[in-house]
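Engineer: Spelled out from the first residue to the last, the chains are:
Number of protein chains: 2
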Amino acid sequence: MPRTEISKFGEFGLIKHLTEKFSIQNTSTIKSIGDDSAVLYYDHKKVLLTTDLLLEGIHFDLVYVPLKHLGYKAAVVNFSDIYAMNGQPKQMTVSLGISKRFSVEELEAFYDGIELACKNYGVDLVGGDTSASLTGLTISITCIGEGEDGQIVYRNGANPTDLICVSGDLGSAYMGLQLLEREKAVFAGNENAQPEFEGKDYILQRQLKPEARKDIIKALHEKNIIPSAMMDISDGLSSELMHICSQSHTGCRIYEDKIPISYQAAVMAEELNMNIVTAALNGGEDYELLFTVSLEDYDKIVTMEGVGIVGHMTKPELGLQLVDREGGEIALKAQGWNSLG
Amino acid sequence: MPRTEISKFGEFGLIKHLTEKFSIQNTSTIKSIGDDSAVLYYDHKKVLLTTDLLLEGIHFDLVYVPLKHLGYKAAVVNFSDIYAMNGQPKQMTVSLGISKRFSVEELEAFYDGIELACKNYGVDLVGGDTSASLTGLTISITCIGEGEDGQIVYRNGANPTDLICVSGDLGSAYMGLQLLEREKAVFAGNENAQPEFEGKDYILQRQLKPEARKDIIKALHEKNIIPSAMMDISDGLSSELMHICSQSHTGCRIYEDKIPISYQAAVMAEELNMNIVTAALNGGEDYELLFTVSLEDYDKIVTMEGVGIVGHMTKPELGLQLVDREGGEIALKAQGWNSLG
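In the order they appear, the protein sequences are chains X and A.
All residue numbers in the first sequence are consecutive under our numbering, ending with 336.
All residue numbers in the second sequence are consecutive under our numbering, ending with 336.
Quick caveat, the hints were computed from the structure, so don't treat them as lab data.
Do not take every clue at face value.
Taking lysine-lysine and the DSS-like style, the derived pairs with C-alpha atoms no more than 27 Å apart in a straight line are [what the hints assert, rightly or not]:
#  : chain 1 : residue 1 : chain 2 : residue 2
1  : A       : LYS295    : A       : LYS209
2  : X       : LYS40     : X       : LYS213
3  : X       : LYS63     : X       : LYS253
4  : X       : LYS95     : A       : LYS95
5  : A       : LYS328    : X       : LYS95
6  : X       : LYS63     : X       : LYS16
7  : A       : LYS195    : X       : LYS328
8  : A       : LYS195    : A       : LYS253
9  : X       : LYS253    : X       : LYS310
10 : A       : LYS16     : A       : LYS204
11 : A       : LYS310    : A       : LYS213
12 : A       : LYS95     : X       : LYS11
13 : X       : LYS114    : X       : LYS179
14 : X       : LYS40     : A       : LYS328
15 : X       : LYS209    : X       : LYS295
16 : A       : LYS328    : X       : LYS3
17 : X       : LYS328    : A       : LYS3
18 : A       : LYS16     : A       : LYS3
19 : A       : LYS253    : A       : LYS310
20 : X       : LYS310    : X       : LYS209
21 : A       : LYS16     : A       : LYS63
22 : A       : LYS40     : A       : LYS209
23 : X       : LYS253    : X       : LYS114
24 : A       : LYS11     : X       : LYS328
25 : A       : LYS11     : X       : LYS310
26 : X       : LYS204    : X       : LYS114
27 : X       : LYS179    : X       : LYS63
28 : A       : LYS63     : A       : LYS195
29 : A       : LYS195    : X       : LYS11
30 : X       : LYS95     : X       : LYS16
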């Protein structure tokens, strides 16, 4: 791969070079990159705003994460936060802190991933910042989205009898990470080792190139379902249920045998002698949607593809309970990712 | 000073602890911290969006920058970008990457600075992210502002006969930085040395606790002046003039003896044997406003406090010229800060 030094461009030249092929897709984008700020127009609509900071060594490991995938994922996890409000992502800014060890080609790969995510989700890149860094790669992404009046869904609207729904499956991204960590350790011990990824494509994709559930938001809209509460599952089901129960002043009861698990994740857990339910509850990085709906929506929900009912909300005094396969009750604990611990 | 470890709080507890005393000041802030995204409402107004990434060792040096000042400055430099669009900052998000060497008390000091800036400028903190960092302090700030239809000012609207105006004075922040660097070097050689800051309070304040020119935007509004082009001076007058001339397809002619210099900055330059005009042209971090107005606004501008006319725009073929005290012409070069060089 050719290597062009970043210094060839200078700060403004570099941003221009990396972003000039991006095209504008939304009428709400009035002015994009190139001024002190971007200008947007959200007449009669609510503006949704979310931001994420991703640091090398904490949130990603460049030993096994290709830069194009990293760009794609960094964008998509922000879109996921907007969908989790029942909104549509429309604009984003990307700021990078980069050291001299990165070449222009590597940054192009990162922006290729950003561009692909923008195209797939209809989002405009409207600003950002590129600066030197003394150490690792730093990525800061802000996403702006659009919410319709009366349709925005918060975490605090769940009621004690509501059904708890989850899209897709849980724990796969975490098992993908475990696989990558295992192969990294093997490689460190023997540089001629070939990674064993056969039959693991799904869990790898879930870790390296996750998608946000735009399709689920669309399906809910088509079925005229407005969830009572919703959030995306980034830190594990347990942790997210705690947020919703705490903000909605409810308890919850979920059933172990209802938690959606993929075949590959289950096999990987078996191989690594790990408990797949624990991975699903506490693994993180699934970017699936957790939402609650009124019992009246039961008929609509059971026919929805890619959505499962995992339990129901309860009165707050009943606490947060997991019912195991034998019918026993276990109090849910948040053991989700906590890098400050 | 007492030292409380960050681990006492955990990720969510820490954000809550640091932000709970912030109050909401704007009706456009519908939902603040605590959900997947913030919710804002900008009916009939344009939304302005800007973001900045600040990295320890590149953009700031904690050896001589108190954390409260750093928080204040990090916020204010973003507000400055919104004023530079002739807008009003309204909301911001703050994301931090922090290593274990920081205590809760130090982060509180940083947020005290953020809070003071929010109060002084009427801005709501509506979100953010706090994460571990393996190395230095990382700060990412996004600011959202409000722009009135037809009153937003871009960089590309200057005309060949427009007057070039600058608020405040230039080069002081840079000379403040030179002073801090000198005292740091002295201290490194002799730990008992006392820093010599007497009579340097203004240039230190300009470097450590700059203000955004909200007052100038208000004064322009009161005088019914809408600049033809505007930006804030963060990388030095030369560099910013190049942006405006390039985007407006004009040249410019500025006069050395019109460039506003503070007494303390001039004295400091003398002491350090540096050229103060070079510092004003290329120093950076002034956060003053550079704007152009039609010749018709001359009478209004000359009576404005805190604003000076430094030259005028020209046809593009005349280039970018500095007229020195002897009447000679020198082509302007951007030698501004470029950390990727």
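Engineer: Take the hints in turn and mark each one as holding or not.
Structural biologist: Evaluated hints:
1. Restraint check for A:LYS295 and A:LYS209: the C-alpha separation of about 18 Å stays at or below 27 Å, so the hint holds.
2. Restraint check for X:LYS40 and X:LYS213: the C-alpha separation of about 18 Å stays at or below 27 Å, so the hint holds.
3. As the CA atoms of X:LYS63 and X:LYS253 are separated by approximately 35 Å, the hinted pair breaks the 27 Å bound.
4. Using a Cα cut-off of 27 Å, the hinted pair X:LYS95 and A:LYS95 holds, with the two alpha carbons roughly 26 Å apart.
5. About 25 Å separates the Cα atoms of A:LYS328 and X:LYS95, which keeps this hinted pair within 27 Å; it holds.
6. Of the supplied pair hints, the one linking X:LYS63 and X:LYS16 holds, its CA atoms being roughly 16 Å apart against a limit of 27 Å.
7. Taken as a hint, the A:LYS195 and X:LYS328 pair is broken in the structure, with Cα atoms around 56 Å apart against an allowance of 27 Å.
8. Annotation: proposed proximity of A:LYS195 to A:LYS253 holds, straight-line Cα distance about 23 Å (limit 27 Å).
9. Between the alpha carbons of X:LYS253 and X:LYS310 the distance comes to roughly 21 Å, so the proposed pair stays at or under 27 Å and holds.
10. A hinted pair counts as satisfied when its Cα atoms are at most 27 Å apart, and A:LYS16 with A:LYS204 qualifies at roughly 22 Å.
11. Between A:LYS310 and A:LYS213 the CA atoms are separated by roughly 30 Å; this puts the pair beyond 27 Å, and the hint is violated.
12. Restraint check for A:LYS95 and X:LYS11: not satisfied, since their Cα atoms lie roughly 36 Å apart, outside the 27 Å limit.
13. With a C-alpha separation of about 32 Å, the suggested pair X:LYS114 and X:LYS179 falls outside the 27 Å cut-off, and the hint is violated.
14. This hinted pair does not check out: X:LYS40 and A:LYS328 have alpha carbons roughly 44 Å apart, beyond 27 Å.
15. As the CA atoms of X:LYS209 and X:LYS295 are separated by approximately 18 Å, the hinted pair is consistent with the 27 Å bound.
16. A C-alpha spacing of about 18 Å is found between A:LYS328 and X:LYS3, which places the hinted pair at or below 27 Å, so the restraint holds.
17. Our distance criterion of 27 Å between C-alpha atoms is met by X:LYS328 and A:LYS3, whose separation comes to about 18 Å.
18. Annotation: proposed proximity of A:LYS16 to A:LYS3 holds, straight-line Cα distance about 19 Å (limit 27 Å).
19. A distance of roughly 21 Å separates the Cα atoms of A:LYS253 and A:LYS310; the hinted pair therefore holds under the 27 Å criterion.
20. Among the hinted pairs, X:LYS310 with X:LYS209 is inconsistent with the structure: their alpha-carbon atoms are about 31 Å apart, more than 27 Å.
21. This hinted pair checks out: A:LYS16 and A:LYS63 have alpha carbons roughly 16 Å apart, not beyond 27 Å.
22. Restraint check for A:LYS40 and A:LYS209: satisfied, since their Cα atoms lie roughly 19 Å apart, inside the 27 Å limit.
23. Between X:LYS253 and X:LYS114, the direct Cα distance comes to roughly 34 Å. Violation of the 27 Å bound is thereby established for this hinted pair.
24. Using a Cα cut-off of 27 Å, the hinted pair A:LYS11 and X:LYS328 holds, with the two alpha carbons roughly 20 Å apart.
25. Restraint check for A:LYS11 and X:LYS310: satisfied, since their Cα atoms lie roughly 25 Å apart, inside the 27 Å limit.
26. Restraint check for X:LYS204 and X:LYS114: satisfied, since their Cα atoms lie roughly 15 Å apart, inside the 27 Å limit.
27. Straight-line distance between C-alpha atoms of X:LYS179 and X:LYS63 comes to about 19 Å, which keeps the hinted pair within the 27 Å bound.
28. Between the alpha carbons of A:LYS63 and A:LYS195 the distance comes to roughly 20 Å, so the proposed pair stays at or under 27 Å and holds.
29. The straight-line distance between the Cα atoms of A:LYS195 and X:LYS11 is roughly 39 Å, outside the 27 Å bound, and the hint therefore fails.
30. For a cut-off of 27 Å, the pair hint linking X:LYS95 to X:LYS16 stands: about 24 Å separates their Cα positions.
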